[in-house]
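Asker: Sequence:
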Amino acid sequence: MQYIADALSNNNTLLKLNLSYNPIGESGLEYLANALQTNKTLTELELSHNALDGGGAQHIGNILQHNSTLIQLNVTYNPVHSNGMKYVANGLAVNNTLAGLHFGWNELGCQGARYLASALEKNHSLVNLNLFANGIGHEGIQYLANGLRHNRTLTTLYMPGNNIDAEGARHLADALQNNSTLTTLYLEGIFMTAEGVHALAIGLQNNR
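Numbering (the working numbering), first residue to last: 795 to 1002.
Because the hints were derived from the structure by calculation, they are not lab data.
Honestly, I wouldn't trust all of these hints.
What the hints assert, rightly or not - Quick list of simulated restraints, FRET-style, between CB atoms:
no., residue 1, residue 2, range
1, S862, N922, 11 to 21 Å
2, K834, Q999, 37 to 47 Å
3, T832, F985, 11 to 21 Å
4, N805, L979, 36 to 46 Å
5, F985, Q796, 40 to 50 Å
6, E901, E982, 16 to 26 Å
7, Q971, K834, 38 to 48 Å
8, F985, Y797, 40 to 50 Å
9, T832, N877, 27 to 37 Å
10, Q971, T807, 45 to 55 Å
11, N877, A988, 31 to 41 Å
12, E838, A960, 31 to 41 Å
The beta carbon of each residue, even a glycine, is placed where N, CA and C say it ideally should be.
Work out the full structure: start from the sequences and follow the hints.
Answerer: What follows is the structure, encoded as structure tokens:
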């Protein structure tokens, strides 16, 4: 990975890099993060299925904090957990270029959603957020709803496979009533109760 990172530091033509299904590890990601501090051309980076944990997430946070060209970042299927999301959120909060973040199957949980929600309040570039199957639950939804109330750029939120019960649906509905930018919301495979569907419908009716 060091050789790729060294090449990336001096490359001025590469736009997309797919490193999915490569066990680059925390040290490999550190090389990559350092290279992306100087690289000024890469716009898309795929890091899915790399078994990156909380330590690796720290380097992802560094990438978001110091790189000014990345537009799309895919980190799906990496067990970063909530402790790793803290680093990613810190980077996202100050990032001004990333438009798409794919963070499905990362075991974020409710605390990870809390860190992410805080970043959403401060971020002004993200338009597409994928949180597929992260075990967020109604408490995590409440945190995200608070973030969405203050966010003015996100247009697409992808949340299938999360535990959104009636209470979570009410929090989401409340956010929809106070958010004016979200245009696409994916909630497949949630098996929401009638009460939750009703709450969400009210939120959609009042969304402007």
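Asker: At the C-beta level, are E838 and A960 separated by a distance inside 31 to 41 Å?
Answerer: holds (38 Å)
Asker: Quick check on a hinted range of 11 to 21 Å for T832 and F985, using CB atoms only.
Answerer: Violated - the Cβ-Cβ distance for T832 and F985, about 47 Å, lies outside 11 to 21 Å.
Asker: Hint says 36 to 46 Å; check whether the CB-CB distance for N805 and L979 agrees.
Answerer: Since N805 and L979 have Cβ atoms about 38 Å apart, the given range 36 to 46 Å holds.
Asker: In this structure, is the beta-carbon distance linking K834 and Q999 contained in 37 to 47 Å?
Answerer: holds (46 Å)
Asker: So the hint says 31 to 41 Å: do the beta-carbon atoms of N877 and A988 match that?
Answerer: holds (37 Å)
Asker: Do the Cβ positions of T832 and N877 conform to the proposed distance bound of 27 to 37 Å?
Answerer: Hint holds: Cβ distance 28 Å, inside 27 to 37 Å.
Asker: Could you see if the CB distance from Q971 to K834 stays within 38 to 48 Å?
Answerer: Roughly 41 Å apart at Cβ, these two residues keep to the hinted range, so it holds.
Asker: So does Q971 sit 45 to 55 Å from T807, Cβ to Cβ?
Answerer: Once the Cβ atoms are compared, 46 Å apart, the range 45 to 55 Å for T807 and Q971 holds.
Asker: Does 40 to 50 Å hold as the CB distance between F985 and Q796, or does it fail?
Answerer: Given a distance of about 46 Å, which is inside 40 to 50 Å, the answer is holds.
Asker: Taking the beta carbons of F985 and Y797, is their distance inside 40 to 50 Å?
Answerer: holds (48 Å)
Asker: 11 to 21 Å was suggested as the range; check whether the CB atoms of S862 and N922 agree with it.
Answerer: holds (19 Å)
Asker: The hint says 16 to 26 Å between E901 and E982; measuring C-beta to C-beta, is that right?
Answerer: 19 Å Cβ-Cβ, so the 16 to 26 Å window holds.
In this structure, only the earlier hint numbered 3 is contradicted, and the remaining ones agree with it.
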